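Trainee: Sequence:
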Amino acid sequence: MDLLDMLAVRFHFGGHFVNHGNKREYIRGREALSYIDRDKVSLPEVVGHLRDHLNVSEGVLLHWLFPGMELHNGLCVLVDDRACQFMSDSIVELGVADIFVEDAPVENGSGNDSDRERNVSDFEDELVDM
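Each step along the sequence shown adds one to the number in full-length UniProt numbering, with nothing skipped, and position 4 is 4.
Source of the hints: derived by calculation from the structure; they are not laboratory data. Hints may contain errors.
Distance condition first, Cα-Cα at most 25 angstroms in a straight line; then the derived DMTMM-like pairs of lysine to aspartate or glutamate [unchecked claim]:
| id | residue 1 | residue 2 |
| --- | --- | --- |
| 1 | Lys40 | Asp81 |
| 2 | Lys23 | Glu102 |
| 3 | Lys40 | Glu58 |
| 4 | Lys40 | Asp5 |
| 5 | Lys40 | Glu102 |
Distance windows between CB atoms, simulated [as the list claims (entries may be wrong)]:
| id | residue 1 | residue 2 | range |
| --- | --- | --- | --- |
| 6 | Pro44 | His20 | 32 to 38 angstroms |
| 7 | Glu31 | Gly59 | 21 to 27 angstroms |
| 8 | Arg82 | Arg51 | 28 to 34 angstroms |
| 9 | Lys40 | His20 | 33 to 39 angstroms |
| 10 | Lys23 | Leu61 | 29 to 35 angstroms |
| 11 | Ser90 | Pro44 | 15 to 21 angstroms |
| 12 | Asp2 | Gly59 | 33 to 39 angstroms |
| 13 | Gly59 | Asp5 | 31 to 37 angstroms |
On a predicted model such as this, the values are computed, not experimentally measured, just so you know. All C-beta atoms in this analysis are idealised placements derived from N, C-alpha and C, irrespective of residue type, glycine included.
All chains should be built: construct the whole structure from the sequences, respecting the hints.
Mentor: Set out below in structure tokens:
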């Protein structure tokens, strides 16, 4: 398959956003690279590739950085397939889509690992049931 038919995605996860005045950073995270067939770009496909790198908890937010923009003014939320397609269309000439994972807020008393594991989405199981 031609490289132009693939969307390179750099996932940033395990960190968090920090604001410093009008500047925003994503700190203490890790990165992982995936390649998604542009014909299959959708929210379930993006989440599926993210699952190759970590357990995805319920309520996680995915933000992508519009090319040429900064974190403080260029983040767009991936809420549906249409947003994912817009992201794919915006990344041209062998560019890389930077997707930042923002974990769901942890409720009081539910911050241990066993509770997080129970919150892992079973969306792939739901697709099979359809």
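Trainee: It remains to establish, for every hint, whether it holds in the given structure.
Mentor: Hints versus structure:
no.	hint	result
1	Lys40 x Asp81	holds (10 angstroms)
2	Lys23 x Glu102	holds (17 angstroms)
3	Lys40 x Glu58	holds (23 angstroms)
4	Lys40 x Asp5	holds (10 angstroms)
5	Lys40 x Glu102	holds (23 angstroms)
6	Pro44 x His20: 32 to 38 angstroms	holds (35 angstroms)
7	Glu31 x Gly59: 21 to 27 angstroms	holds (22 angstroms)
8	Arg82 x Arg51: 28 to 34 angstroms	violated (21 angstroms)
9	Lys40 x His20: 33 to 39 angstroms	holds (38 angstroms)
10	Lys23 x Leu61: 29 to 35 angstroms	violated (20 angstroms)
11	Ser90 x Pro44: 15 to 21 angstroms	holds (20 angstroms)
12	Asp2 x Gly59: 33 to 39 angstroms	holds (36 angstroms)
13	Gly59 x Asp5: 31 to 37 angstroms	holds (32 angstroms)
Checked against the numbered hints given earlier, the structure breaks hints 8, 10 and satisfies all the rest.
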